Amino acid sequence: MEERKDYTVKQEQLARFAKALGHPARIAILHFLAKQKTCYFGNIHEELPIAKATVSQHLKELKDAGLIQGEVETPKVKYCININNWMLACELFREFFGICISKYE
Numbered sequence: 000m001e002e003r004k005d006y007t008v009k010q011e012q013l014a015r016f017a018k019a020l021g022h023p024a025r026i027a028i029l030h031f032l033a034k035q036k037t038c039y040f041g042n043i044h045e046e047l048p049i050a051k052a053t054v055s056q057h058l059k060e061l062k063d064a065g066l067i068q069g070e071v072e073t074p075k076v077k078y079c080i081n082i083n084n085w086m087l088a089c090e091l092f093r094e095f096f097g098i099c100i101s102k103y104e
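Quick note on numbering that gives the first Met the number 0: the sequence shown kicks off at 0 and runs consecutively.
Check each hint, because a few of them may be wrong.
Below, computed lysine to any residue pairings styled on SDA-like, alpha-carbon distance capped at 20 Å [unchecked claim]:
#1 59 x 46
#2 4 x 15
#3 75 x 54
Simulated from the structure, these hints should not be mistaken for laboratory data.
From a predicted model like this one, the values you see are computed outputs, not experimental measurements.
Could you build the full structure based on these sequences and the hints that come with them?
What follows is the structure in structure tokens.
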């Protein structure tokens, strides 16, 4: 039987970013955060037509993927784009889509 190979670190990271981007609410959150340096949870919640608990869950997914970061400023949490991982995601997607496109050129 053929031995299975593990996924590369890049493949795992790209999949983690893709999963985090897999919901329109998360895209909306990232779009909102990308327009400003930082903002508070309440600002994000006001932008979205969903419950606070749902916003919290989406923020957790984005944070777990490393696309955003949060800083506690009691009693609030301030969020921003994690620029290092944002740039990594851009590069990984560019590389991935570049491979796919070059196949058809």
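To test your reading of the hints: which numbers does this structure violate? none
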